[in-house]
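Peer 1: So the sequence lines, in the order shown, correspond to chains A and B.
Under the working numbering, the residue at position 222 of the first sequence is numbered 222, and the numbers go up by one with no gaps.
Under the working numbering, the residue at position 276 of the second sequence is numbered 276, and the numbers go up by one with no gaps.
Each hint should be verified, as a subset may be incorrect.
Note that identical chains are pooled: a pair holds if it fits in a single copy or bridges any two copies.
SDA-like, lysine to any residue: derived pairs with alpha carbons at most 20 Å apart [stated by the list, open to error]:
| hint | residue 1 | residue 2 |
| --- | --- | --- |
| 1 | K301 | D315 |
| 2 | K88 | F313 |
| 3 | K88 | S309 |
| 4 | K302 | F313 |
| 5 | K88 | D62 |
| 6 | K50 | E367 |
| 7 | K383 | S55 |
| 8 | K301 | R219 |
| 9 | K179 | G83 |
| 10 | K88 | D315 |
| 11 | K285 | V84 |
| 12 | K154 | H52 |
Calculated from the structure, these hints are not laboratory results.
This one's a predicted model, so the numbers in the text were calculated from it and none came from an experiment.
Chain by chain, the residues:
There are 2 protein chains.
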Amino acid sequence: MIPLRTPLQRALLCSAGTGIVPRRHITVFGYTQAKALIFSDHGQPKDVLKLHSHSISPAYGDEITVRFLAAPINPADINQIEGVYPSKPAFTTALGTLIPHAVPGNEGAVQVLSIGSSVTGFAPGDVAIMRHTAFGTWRTHATARSSDLLKIPKSPSIITPLQAATVSVNPCTAYRLLKDFVPLQPGEWFVQNAANSGVGRAALQFGRIWGLKSVNVVRHREGVEELKRELRELGGGGEAGTVVLTDQELGDPERRKEVVERMDGKGAMLGLNSVGGKAGIDLCKLLDTGGHLVTYGAMSKKPLTLGASLLIFKDLHFHGFWVSRWSDRHPAEREAMLEEIFRYIASGELKDAPMEITVWKRDTNGEELRAAIERSVQGFGGKKQIFVFEDE
Amino acid sequence: MIPLRTPLQRALLCSAGTGIVPRRHITVFGYTQAKALIFSDHGQPKDVLKLHSHSISPAYGDEITVRFLAAPINPADINQIEGVYPSKPAFTTALGTLIPHAVPGNEGAVQVLSIGSSVTGFAPGDVAIMRHTAFGTWRTHATARSSDLLKIPKSPSIITPLQAATVSVNPCTAYRLLKDFVPLQPGEWFVQNAANSGVGRAALQFGRIWGLKSVNVVRHREGVEELKRELRELGGGGEAGTVVLTDQELGDPERRKEVVERMDGKGAMLGLNSVGGKAGIDLCKLLDTGGHLVTYGAMSKKPLTLGASLLIFKDLHFHGFWVSRWSDRHPAEREAMLEEIFRYIASGELKDAPMEITVWKRDTNGEELRAAIERSVQGFGGKKQIFVFEDE
Numbered sequence: 001m002i003p004l005r006t007p008l009q010r011a012l013l014c015s016a017g018t019g020i021v022p023r024r025h026i027t028v029f030g031y032t033q034a035k036a037l038i039f040s041d042h043g044q045p046k047d048v049l050k051l052h053s054h055s056i057s058p059a060y061g062d063e064i065t066v067r068f069l070a071a072p073i074n075p076a077d078i079n080q081i082e083g084v085y086p087s088k089p090a091f092t093t094a095l096g097t098l099i100p101h102a103v104p105g106n107e108g109a110v111q112v113l114s115i116g117s118s119v120t121g122f123a124p125g126d127v128a129i130m131r132h133t134a135f136g137t138w139r140t141h142a143t144a145r146s147s148d149l150l151k152i153p154k155s156p157s158i159i160t161p162l163q164a165a166t167v168s169v170n171p172c173t174a175y176r177l178l179k180d181f182v183p184l185q186p187g188e189w190f191v192q193n194a195a196n197s198g199v200g201r202a203a204l205q206f207g208r209i210w211g212l213k214s215v216n217v218v219r220h221r222e223g224v225e226e227l228k229r230e231l232r233e234l235g236g237g238g239e240a241g242t243v244v245l246t247d248q249e250l251g252d253p254e255r256r257k258e259v260v261e262r263m264d265g266k267g268a269m270l271g272l273n274s275v276g277g278k279a280g281i282d283l284c285k286l287l288d289t290g291g292h293l294v295t296y297g298a299m300s301k302k303p304l305t306l307g308a309s310l311l312i313f314k315d316l317h318f319h320g321f322w323v324s325r326w327s328d329r330h331p332a333e334r335e336a337m338l339e340e341i342f343r344y345i346a347s348g349e350l351k352d353a354p355m356e357i358t359v360w361k362r363d364t365n366g367e368e369l370r371a372a373i374e375r376s377v378q379g380f381g382g383k384k385q386i387f388v389f390e391d392e
Numbered sequence: 001m002i003p004l005r006t007p008l009q010r011a012l013l014c015s016a017g018t019g020i021v022p023r024r025h026i027t028v029f030g031y032t033q034a035k036a037l038i039f040s041d042h043g044q045p046k047d048v049l050k051l052h053s054h055s056i057s058p059a060y061g062d063e064i065t066v067r068f069l070a071a072p073i074n075p076a077d078i079n080q081i082e083g084v085y086p087s088k089p090a091f092t093t094a095l096g097t098l099i100p101h102a103v104p105g106n107e108g109a110v111q112v113l114s115i116g117s118s119v120t121g122f123a124p125g126d127v128a129i130m131r132h133t134a135f136g137t138w139r140t141h142a143t144a145r146s147s148d149l150l151k152i153p154k155s156p157s158i159i160t161p162l163q164a165a166t167v168s169v170n171p172c173t174a175y176r177l178l179k180d181f182v183p184l185q186p187g188e189w190f191v192q193n194a195a196n197s198g199v200g201r202a203a204l205q206f207g208r209i210w211g212l213k214s215v216n217v218v219r220h221r222e223g224v225e226e227l228k229r230e231l232r233e234l235g236g237g238g239e240a241g242t243v244v245l246t247d248q249e250l251g252d253p254e255r256r257k258e259v260v261e262r263m264d265g266k267g268a269m270l271g272l273n274s275v276g277g278k279a280g281i282d283l284c285k286l287l288d289t290g291g292h293l294v295t296y297g298a299m300s301k302k303p304l305t306l307g308a309s310l311l312i313f314k315d316l317h318f319h320g321f322w323v324s325r326w327s328d329r330h331p332a333e334r335e336a337m338l339e340e341i342f343r344y345i346a347s348g349e350l351k352d353a354p355m356e357i358t359v360w361k362r363d364t365n366g367e368e369l370r371a372a373i374e375r376s377v378q379g380f381g382g383k384k385q386i387f388v389f390e391d392e
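If we strip away everything but chain A, and leave its shape as in the complex, we get (with noise of 0.2 Å):
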């Protein structure tokens, strides 16, 4: 968890579920004054986004007008910017642009200011989170149907605002990596490089809550130390069997053979990679024989490199994993998970991965926007960018 020091902080910390509905910018006509990130090209987002302002008309029959809470800046938003993302967004002139025009963001947590007159199971004051990818969640407020959002439970309470609006993508990608591949047990291991990720961080956590031992690949930087004691101890220590190592470490065959006989001589059944090209094919070393290795990122840019023989000799499998498309073709499984997901949030099982907060405030203008989108381009000291709203 981020340590909070401004009263904004603190308000974001408790204001879901609390019912507590903040004062609104509304004309006399009861249009609602916003502000939306747009793109019209696709292109670098320094040079494509422009910040665009609008008006919300009252919600009508079953629209849910909503404020944006928080929204994350995640490497799948600014490849879809660019252009190089499989789900391209629509072009529109929905928000009352000349040129067609697409809002980027596909994961966020917002409040409701009011609903339409037939809206049932949404009431003002409620927090929800996307329920699909490709909203747009990069503004300030929207109109939404019911269909677009799933409400965050009241109770536990004390889910914030930031921990609903990074739950989407990273917990549960972690969460479908260790469920869906191999039905490992308590006391079985598995191994990852990207360890301090998002989706690192959860995998690990997750592993300790269910029993599960992990061996977690860093990339060697200065510090490097106090990053292995700090992913150590959020796998449960390495009493609970949770090894950390550098990416140079486990390049290292003495280092490799240490750590595979720490894993009963065997290896793992099941690897995360989100690096690619040696790193990836390091981890499969790692791996024991008929092991299943899951590509869900390649931070690298490299492409995986398999020699045959590993593969047929080693009867390893591999496999590619994106979330986004798991999410829209499993509703139901994804409620249940993001439940499970909150109640370990709740408890204070699962810990937020190291955010860093741009406050987008009424005034805030499109180059303080941009700024946080380039430094989260940049990987800006690993930690994630994220927007959080003030509606003074």
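Since chain A is already given, all that's left is putting chain B on it; use the hints.
Peer 2: Relative to chain A, chain B alone:
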């Protein structure tokens, strides 16, 4: 089926299951005179293989004396001699050599010459294949135990020794590839490269027998149109849903699009890859979302290079398959599968791949035998090399 020309070949066609025991070269003491290719060091077959003469004691207790009828030269045999294969033969002095040696060859058909007093289930004249890999089949005679041998059913009696000797690797591989990874229903598609290989031809024919449609890729070569026609026919023809094209044609996006349209616009859920490198990736382009690519060979000797996006966003799964491991782990299933395959052979539904025979007579010298192995190393004319043994 190869054209049969010599008396030997005609004899081979009908010697299985007939109970006719050929004359035996035994000394006055009852010892069988035998020859075997042996090696004492890993290396190139032409450098390390020697022809060794020895005698075999009369079968005693649970022993069975067998003569070999046919033994193919498979790529795995070559790799085992080179020392680059994961399962390595044990070197012993069993055949009376001063320096420990091993006999290469994993596949073969034998005929029982005599049995020890405690042997049950086998009688002189029975034809059998090896129950396990690494028996050492490049030899004229051997002492076996009943646990080493799997008897070929006498009915149907028209299984030739050539067919019996070559069933364990190629048809069994093709059978498992089509059965174990994706539950294909009649009318569904699979795709494969190296379609003119032994495994490829068997897969094409199983596809026809089981009502599957297939896209088959072969390397461009002189006379490829004739090969395409031949393979299309093995698969039941274009109207049965058998498409054959060259790797060059597959590399052409327009042609590929046509092929995918032919496959109801979706691609296949199963791909069989024995080439690797670019050919493996091109094959992936014919797979549907969620599809499985199984790699069982690496003819190109180039690794598979996987863009992570293909794996993640197309939700692909990659597997390795090694028939030796499968066979050693599933002895009962293997026996049932062999019975089924023998029925297909007997009914004429499953035809042999083209083979080039090297006759191994009593006076054949090591040079002639090594030449056959060299032809196999070079992939001479695309035909499988096989030893057939003449017991004059």
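Peer 1: Hint by hint, say whether it matches the structure.
Peer 2: Now for the hints, and whether the structure bears them out:
In this assembly of identical chains, the alpha carbons of K301 and D315 lie at most 20 Å apart only when taken from different copies (18 Å versus 26 Å within one copy). Proximity of K88 and F313 under a CA criterion of 20 Å is satisfied inter-copy only: 13 Å between copies versus 39 Å inside one chain copy. With identical chains, the CA atoms of K88 and S309 are at most 20 Å apart between copies only, with a shortest distance of 15 Å across copies and 37 Å within one. Within a single copy, K302 and F313 get their C-alpha atoms only as close as 24 Å, which misses the 20 Å cut-off; across copies the closest is 16 Å, which meets it.
With identical chains, the CA atoms of K88 and D62 are never at most 20 Å apart, being 26 Å at best within one copy and 70 Å at best between copies. Taking CA atoms no more than 20 Å apart as the test, K50 paired with E367 passes inside one copy only; the shortest distance there is 9 Å, against 78 Å between copies. With identical chains, the CA atoms of K383 and S55 are never at most 20 Å apart, being 33 Å at best within one copy and 74 Å at best between copies. When the C-alpha separation of K301 and R219 is checked against a cutoff of 20 Å, the pair qualifies only within one copy, where the shortest distance is 15 Å, while the shortest distance between copies is 31 Å.
Taking identical chains as interchangeable, the C-alpha atoms of K179 and G83 are never at most 20 Å apart, the minima being 31 Å within one chain and 39 Å between chains. Taking the shortest alpha-carbon separations for K88 and D315, only the inter-copy value of 17 Å comes in at or below 20 Å, while the best intra-copy value is 36 Å. In this assembly of identical chains, K285 and V84 lie within 20 Å of each other by CA distance solely across copies; the values are 18 Å between and 31 Å within a copy. For a Cα distance limit of 20 Å, the shortest separation of K154 from H52 qualifies neither inside one copy, at 33 Å, nor across copies, at 83 Å.
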